[in-house]
Amino acid sequence: MLINYIKIAWKVLLRHPFYTFITLFGISLTLTVLMVLTSFLDHLIGSHYPETKRDRSLYIMQMLQTDSSRSSRSMGPMSFKFLTDYAKSLKTPERVTLCTFINSSNAYVGSQKIKLNTKFTDADFWQVTDFEFLEGKPYNEQNIANGDYVAVITDDFKNHYFGNTTESVIGKDVEIENIHYKVIGVVKGSPVTRPFTYADVYFPYTTPKSNYQRSGFRGGYVAILLAKNKSDLKAIQDEFQSHINRIPLPGNQDGFKYSVLEVKSDPYLENFIGTLLDGGPGLRTIFFGVIGFIMFMLMGLPAINLVNINVSRIMERASEIGIRKAFGAPVKALVWQFIVENIFITFIGGAIALVLTFMIIQLINNSGWIAYADLTINMNVFIISLLVCLVFGLLSGVLPALRMSKLNIAEALKA
Amino acid sequence: MIRHLFKLIWNKKKTHALLMIEIWASFMVLFGLASLIVYNVGNYTKPLGFEYKNVWAISLKSNQDTTNVEQKIQRALQQLKTYADVESATRMSSNFPFSANSMNNGVEYNKKKIMADFYVTDDNFAKTLDIPMAAGKWYRNADSIGKYTPVIINQKAKEGLFGDENPMGKIIGERFKVVGTVNTFKAKGEFMADKPAVFELLNAKSPWNDLLLIRVKPGTDAVFEAKIVKNITSMLTGWSVEVDHLADSRKNQHNLTLVPVIIFLIVCSFLLINVALGLFGILNLSIAKRRSEIGLRRALGATEKGISTQFIGEIWVLATFGMLIGLLFAAQFPLLNVFDLHANVYITAIVVSIIVIYLIVTLCALFPSRQAATIQPAVALHEE
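The listed protein sequences correspond, in order, to chains A and B.
Counted the way full-length UniProt numbering counts, the first sequence spans residues 1 to 415.
Counted the way full-length UniProt numbering counts, the second sequence spans residues 1 to 384.
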């Protein structure tokens, strides 16, 4: 029976190529937009190179200090000392790494200038993240204790600085702001969309200009807490919070008196949305309202369009319906047939969308808009798109099918 | 004729409900896109107010060094001025043009209060960025005598605080004395809204404000840049130095505005193409269904033109119904001043969207109605 329905659907599709084109255009386009969007979101918040352990990591990104009247507040990353005292000392996590956010700098080779992003990290950074070392190895506790002037660079920076060479550059010198560092490792870079790991050059925090000695609570450092397994996340958050609660309040920093101090350790997604929506519940509602509206338009407009087309086209097939009804086909069977037909065409559209998405993703990955972009159609994205496909097929199939089932036999046969 | 068309559509409102919803939704999408574009184009047409080419921003960071920071910054500035390639050098707060930083404060005059962007600059700022004065003169270090700090305000700040009054010599915010005005100053690039700005004279003895701007001779390259970075870092041990070219920073600022607009534009145009194709298909089918009606009208003496006008008129009435619903929503934006935009932006956007929708539906109806008009009455009636 199903095969028969599909055969009929195929014949109907071929009869009017123009309408088939309109329908497929609408479906595949909408699905493409949705899939590229999901794939981009997955790129932003999913666990990917080099933050493959993101699902069992907690991120500490900023400290919020507010005065008693709540009229002024100060917000930003923390000092190395603060994080050493309150985060590095945690017992529950497997490992804790402290690193700076992105700092920028320049390097000069001959008459060429290279824009650089640098990051100061501790030795644990290389254990918490999963960087792939193309050459050499990371710096360790020993290098840090010695205060060695060493650096880990990315392959991209290596090509710019040393020219496109296949030779090993381990042990060579890079000069950045008048200081010479010895290269001890070359890694495959991280995309700019992952600010906790993205940089061109990584230094141990004991090299000059890292400001790790700074006293006080605020500075340029953030932390990643790696749990032994996912179920420990809650315990780590609680332990960290208990450390924070020990800080005496109100306090004073550089003349700024604060009575509220907030530092959160959040999973990546919450951390990410938290900074995006730092404007109270009002802004959050607006933000989600706007996203919801856009999604509704994105899905709704093509769906309404499809329903419209289907409703008009069903009338073309009035005689076929009339004959089937006259021979005793129940309304349920007819409705079922039309739904199957719609789902069938939606899946064809879905297949086209997959190909289109694949092409667009390749385009984004290769264009260099985002360095090291690694957008993929993975299992999650694919399943979500399939579900969307189904909803779409039902949405545009049910209404016309109902409309059709009300058709009077005599009237249908007359046409 | 029009009243008749309205009646025709109203009688079939159930069958046309979905079409109207479709037009309503397209109108809303178009309205959003048009508001965004109208707003940005409106900003773009206002002059930037300064010249950014060949200007470099040099950020100094003292890191662990805390002794005599202000003297060291002044020394670096003096050093920069000695180079033959540097035409002019100035020291300012970290919110240099096209940077990601911003600083704003409320200022008050005669109970009128505005939020203004604050820029702390020295006497060479106007020369380095080539800012033309509208009135008065750019302040000099000598102007800081007395309890008031001299400030320059831009046109927008002048309108907000003084209206038609002459601002020269007035005291604002209790400690600033206005000594001059400039026209516009859009520090975040062409797409930034023209906002009130206040330039405050920098105190050379304060340890903050460690950003230096220099205007170099055209054609100066990275070799010279490497040289100044080397000189400054060897002069100030332990300090970090970073050089940004304003022309590059401007590109970044532009991308922040342009990329979302372009993505929105692409998605919207695909949605609208989709809707247009759908409309075209539906009209084609419904006209094919009404062959007998058309044949009858033709037989009774209706002209070809009359037939095609009828169909285009019908779709226009449909579009009008859809857009009336859309207007109910869109009108809230200028009325409630959503997102603090000027009402004109929304009104222009509404007008633009209405025109585009009429254009789309007309284009979609044109071909099917032509086809309908050529139907031979004899053939159509015979089929019946």
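To be clear, the hints were calculated from the coordinates, so they are not data collected in a lab.
Errors might be hidden in some of the hints.
Residues of chain B placed beyond 12 Å of chain A at every Cβ, according to the derived structure [unchecked claim]:
id : residue
1  : Ser62
2  : Lys305
3  : Glu314
Within a straight-line C-alpha distance of at most 30 Å, the following computed DSS-like cross-link-like pairs (lysine-lysine) qualify [what the hints assert, rightly or not]:
id : chain 1 : residue 1 : chain 2 : residue 2
4  : B       : Lys195    : A       : Lys88
5  : A       : Lys113    : B       : Lys13
6  : A       : Lys228    : A       : Lys7
7  : B       : Lys147    : A       : Lys115
8  : A       : Lys257    : B       : Lys227
9  : B       : Lys147    : B       : Lys195
10 : A       : Lys264    : B       : Lys61
Think of the CB as a built atom: it goes at the ideal place given N, C-alpha and C, for glycine as much as any other residue.
Ascending list of hint numbers which this structure does not respect: 1, 4, 5, 6, 7, 8
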